Amino acid sequence: MNKPLMYLGQGLAYAMFAAVLGYFSTSPKYTHLPADSALVKLSFTHAGQRKGACRERTDEEMAKLPTNMRIRKDCPRERSNVTVELEMDGKQLYHVVLPPTGLSKDGVASLYRRLPVPAGTHRFVARLKDKEGGDFDFVRDETVLLTAGRVMVIDFKADAPGAGGFMFRN
Amino acid sequence: MGKAHDLHHKMSNYLRKFWQRPENLFNAPFGQALNPWYHLGALTFFLFWVVLVSGVYLYIFYRTGVREAYQTVEDLTHEQWYAGGVMRSVHRYASDAIVLTMSLHMLRNFASGRFHSYRWFSWVTGVLLIWLVYASGINGYWLVWDRLSQFLAVATAEWFDWLPLFSQPLARNFLAPGDVSDRFIMLLSFAHITIPLVLLLFMWIHTKRMNHAETTPPLPLVVGTLLALLVLSLIKPAVSHEPADLTLAPNVLNLDWFYLALYPLLYASSPGAVWALVGGITLLLLAIPWVFKPRAAIPVAEVHLDNCNGCERCFRDCPYSAIVMQPRQDGRPYALQPVVDPNLCASCGICVGACPSSMPFRSSDFVSGMELPHQELAALRTETDRALAALQGDARVMVFGCDCAYDVRELKSEGVGALSFPCIGMLPPAFVDYALRDARADGVLVTGCREGDCQYRLGIRWTEQRIAREREPHLRKRVPLERIECCWAGAHDADLARSGLAALRARIKQMPRETIPQDGAQEDVPEPEDKKMGQSL
Ligand code: HEM
Ligand code: SF4
Ligand code: SF4
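Quick mapping for you: the protein sequence lines, in order, are chains P and B. Sequential numbering of the first sequence, starting at 1, is according to my numbering. Sequential numbering of the second sequence, starting at 1, is according to my numbering.
So that you can see chain P by itself, here it is in the shape it has in the complex:
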């Protein structure tokens, strides 16, 4: 091969190299969330209530304990599951039962869940229960307008302002 032809070939190889870099560094485009969708993120950490009731230790029991551990109240450590539901426009969007964390099941339960939904006005009902048996302790019912691409965070704090513990951040 003669010199000019060799340089041409090299130029071609470098052009190919640059083209591959240039193209795949931004293309093809990736559509993470369809254009007409919004995103609901249901996320919180919350400790379920203790499974059993506390009781008082008797004097005899107290005497048996080392001095530094003589506490009158004896509480079971294990916590209840936390049950959560999210309903959108009358249909269940998500339902989960969260066990407490930790080896002795006394830790907080936590949740993070992304739920893509169509953009538009929706009525959401969020419910949470943090004890054994019975009905949902916390319920929040809210109608919101979710524009396309919007993220709505639904957080939960038992002592949140207003009723229902849930907070809709849109």
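Read the hints as simulated data drawn from the structure, not as lab findings. No experiment lies behind these values; they were computed from the predicted model shown. What you were told as hints is all true, and nothing was included just to trick you.
Under the rule of at most 30 angstroms between Cα atoms (straight-line distance), these lysine-lysine pairs were calculated in the DSSO-like manner:
#1 K29/P / K236/B
#2 K17/B / K3/P
#3 K105/P / K73/P
#4 K477/B / K509/B
#5 K412/B / K509/B
#6 K64/P / K51/P
The calculated label-pair distances, taken between Cβ atoms and stated as ranges, are:
#7 L5/P / D341/B: 42 to 50 angstroms
#8 H95/P / L227/B: 55 to 63 angstroms
#9 V144/P / S167/B: 28 to 36 angstroms
#10 L52/B / C75/P: 56 to 64 angstroms
#11 G90/P / G65/B: 43 to 51 angstroms
#12 R183/B / L5/P: 56 to 64 angstroms
#13 V124/B / L5/P: 38 to 46 angstroms
#14 W275/B / E60/P: 51 to 59 angstroms
A few chain P positions that, by computed beta-carbon distances, are all more than 12 angstroms from chain B:
#15 E56
#16 R77
#17 M88
#18 K91
Every residue gets a Cβ at the ideal spot worked out from N, C-alpha and C, and that includes glycine.
Chain P is already provided as a structure; the job is to place chain B with the ligands on it using the hints.
Relative to chain P, chain B with the ligands alone:
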């Protein structure tokens, strides 16, 4: 040789043939010595320096703050597009190129069977490098704190949350704008210095076991690569997405597929599936050196102290640093003796070619200081004698070849004899002299793998330098270089080898036979005794 061994041999042969096809295309425009496929490891090293230098420039202007980060990168891109903008683009494209050259480097080492036995260390540290390269690159994309960074932060958190490691979901750190602090951006930028430095450390470890590791590509490739990166940076400057906004979900993203290809998979499948994929690929890669290992272990190089004067040539030439020099044990008056580490030895025989005792002119029971037990030099000399005796015609050629390259036995004919070494680097220059002495052959053809593509890395380089009398042991001065042709032809390059042979034969036909020194022209033949050898060093 068992069936399993045959199968392994066949498979690796096919693989190599398949891989060499696209590679050979580049030999015409670049020439063998500059074929970029033969310098992928060195190119990756070079690209790392490019990324480092451009990164330092960007760092000077970068401010760590949720808003400042984005703004300073915007200013670099637009206010000083001619400097900061170009640097940013070069930084990005060189990082992308690292993924490209590293992947090809890995595939190429796999396809050419360079990963098992003593090479396991390079392979396994290489797998670690993949992780570090990806960690560095993905981390870099967070620093801009644009919509893509936001997507990566959230997606990475969601991905890691699948692991049962954290008491609270990491993704909760990216729920609302207030969740991300200036300190977080500072942490990211700190990581973007630390991780690449760890990468550099492991790049050093990766090449540590190799003698003369090629960590700088040839200058023309350096220039070409830099130019390509610069031109690309001017044609298509790297730009940011919109600034990050955690109240909005990123929808359409210009993804860098070199680094981020797995992210869409998180949502098309699940974080667990991506962990399985990534973990599976990593484990598979780590297992390769042991899964695809040839059954039969090759005997390693052996030292024969009786014929060793401790000259260190074998130590200097070994491509895998498998030889160490230790204090002499046998009472002879030399300071050092070589010791071969069987775990590192590739059985290439390059050390045999380096040893001054590899001297076929010596008496009948000839043993060198270094020998491959399954390819002893005395036996190879007998074969050479037999081949030389059978040569006929007026352009008689002795071919010395290499088991890894073109099979020189296919060149045999009435006027052509052939002998193959495990690596052409095992050929002692004295064997060339030996073949031409007494006019037993009119020319010598030396072949081996493609230039720059030696299976044992340094065999070709040392052979060329020994023949050119630039590296010990020198080819004796009395040997006329016109009677020697070096032709580097890979396993499937029959045409190259044949044309090399034809060129040599045409040339020697023009030369009168008497120019070859006759027996007795021994002016510079050394005595085989140790004393003489010691002096000549
Ligand atoms: C940042 C990434 C990497 C860099 C900078 C790099 C660089 C290098 C360099 C400079 C060499 C020496 C070449 C020579 O002188 O012959 C080498 C050899 C090698 N590399 Fe890499 N490498 C990288 C990644 C990898 C990966 C991902 C693998 C495979 C998993 C790998 C496997 C090997 C092997 C097996 C060798 C030995 C080749 C031989 O013995 O002939 N490397 N690398
Ligand atoms: S045979 Fe090759 S790898 Fe082994 S000691 Fe000799 S030069 Fe080194
Ligand atoms: S090259 Fe030969 S003589 Fe020199 S140290 Fe090695 S074995 Fe000994």
